[in-house]
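Asker: Sequence:
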Amino acid sequence: MVNQKDMKAIENQIELLKNNNQKTLEYLSALELLLVDDNNSKSKDVVLSKELDYLHSKVNSLSKDIDTFMNTLSDI
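Using our numbering, read the sequence shown as starting at 769 and increasing by one per residue.
Honestly, the hints are just simulated from the structure, not real lab data. From the three backbone atoms N, C-alpha and C, an ideal C-beta is built for every residue, glycine too. Where hints are given, some of them may not hold.
Said to hold, decoys possible - When the alpha-carbon atoms are kept at most 35 Å apart in a straight line, the in silico DSBU-like pairs for lysine-lysine are as follows:
no., residue 1, residue 2
1, Lys-826, Lys-812
2, Lys-818, Lys-791
3, Lys-810, Lys-832
4, Lys-810, Lys-791
5, Lys-812, Lys-832
6, Lys-776, Lys-812
7, Lys-826, Lys-776
8, Lys-776, Lys-832
9, Lys-832, Lys-791
10, Lys-826, Lys-810
11, Lys-773, Lys-791
12, Lys-786, Lys-826
13, Lys-773, Lys-786
14, Lys-776, Lys-810
15, Lys-818, Lys-832
16, Lys-773, Lys-832
17, Lys-773, Lys-818
18, Lys-791, Lys-776
19, Lys-786, Lys-812
20, Lys-786, Lys-776
21, Lys-786, Lys-810
Stated by the list, open to error - Computed beta-carbon distance windows for the label pairs:
no., residue 1, residue 2, range
22, Leu-799, Phe-837, 21 to 29 Å
23, Lys-832, Ala-798, 16 to 24 Å
24, Val-804, Asn-780, 32 to 40 Å
25, Glu-779, Asp-805, 40 to 48 Å
26, Leu-803, Gln-772, 41 to 49 Å
Could you build the full structure based on these sequences and the hints that come with them?
Answerer: Below you can see the structure in the form of structure tokens.
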């Protein structure tokens, strides 16, 4: 991509996406903490915990994809 203005706009948007994705990971971690019983450190709801684990893995995958996109963008 030759247009530097467009490149800068894309870089800014992808950086915002990366930051928002990081916030999503933080929220998921907070939810995971809420699902742990303080008395015996076990999950209060196994099904919800598994769903959160699944979401966490998807968001982590998105983080890796964003990094790949950023690397590709920097190579242009």
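Asker: Evaluate each hint against the coordinates.
Answerer: Hint check results:
{"no.": "1", "hint": "Lys-826 to Lys-812", "in the structure": "holds (22 Å)"}
{"no.": "2", "hint": "Lys-818 to Lys-791", "in the structure": "holds (20 Å)"}
{"no.": "3", "hint": "Lys-810 to Lys-832", "in the structure": "holds (30 Å)"}
{"no.": "4", "hint": "Lys-810 to Lys-791", "in the structure": "holds (25 Å)"}
{"no.": "5", "hint": "Lys-812 to Lys-832", "in the structure": "holds (30 Å)"}
{"no.": "6", "hint": "Lys-776 to Lys-812", "in the structure": "violated (46 Å)"}
{"no.": "7", "hint": "Lys-826 to Lys-776", "in the structure": "holds (27 Å)"}
{"no.": "8", "hint": "Lys-776 to Lys-832", "in the structure": "holds (21 Å)"}
{"no.": "9", "hint": "Lys-832 to Lys-791", "in the structure": "holds (15 Å)"}
{"no.": "10", "hint": "Lys-826 to Lys-810", "in the structure": "holds (23 Å)"}
{"no.": "11", "hint": "Lys-773 to Lys-791", "in the structure": "holds (27 Å)"}
{"no.": "12", "hint": "Lys-786 to Lys-826", "in the structure": "holds (14 Å)"}
{"no.": "13", "hint": "Lys-773 to Lys-786", "in the structure": "holds (20 Å)"}
{"no.": "14", "hint": "Lys-776 to Lys-810", "in the structure": "violated (47 Å)"}
{"no.": "15", "hint": "Lys-818 to Lys-832", "in the structure": "holds (21 Å)"}
{"no.": "16", "hint": "Lys-773 to Lys-832", "in the structure": "holds (25 Å)"}
{"no.": "17", "hint": "Lys-773 to Lys-818", "in the structure": "violated (43 Å)"}
{"no.": "18", "hint": "Lys-791 to Lys-776", "in the structure": "holds (23 Å)"}
{"no.": "19", "hint": "Lys-786 to Lys-812", "in the structure": "holds (31 Å)"}
{"no.": "20", "hint": "Lys-786 to Lys-776", "in the structure": "holds (15 Å)"}
{"no.": "21", "hint": "Lys-786 to Lys-810", "in the structure": "holds (31 Å)"}
{"no.": "22", "hint": "Leu-799 to Phe-837: 21 to 29 Å", "in the structure": "holds (27 Å)"}
{"no.": "23", "hint": "Lys-832 to Ala-798: 16 to 24 Å", "in the structure": "holds (22 Å)"}
{"no.": "24", "hint": "Val-804 to Asn-780: 32 to 40 Å", "in the structure": "holds (37 Å)"}
{"no.": "25", "hint": "Glu-779 to Asp-805: 40 to 48 Å", "in the structure": "holds (44 Å)"}
{"no.": "26", "hint": "Leu-803 to Gln-772: 41 to 49 Å", "in the structure": "holds (47 Å)"}
Comparing the model with each earlier hint shows violations of hints 6, 14 and 17; every other hint is respected.
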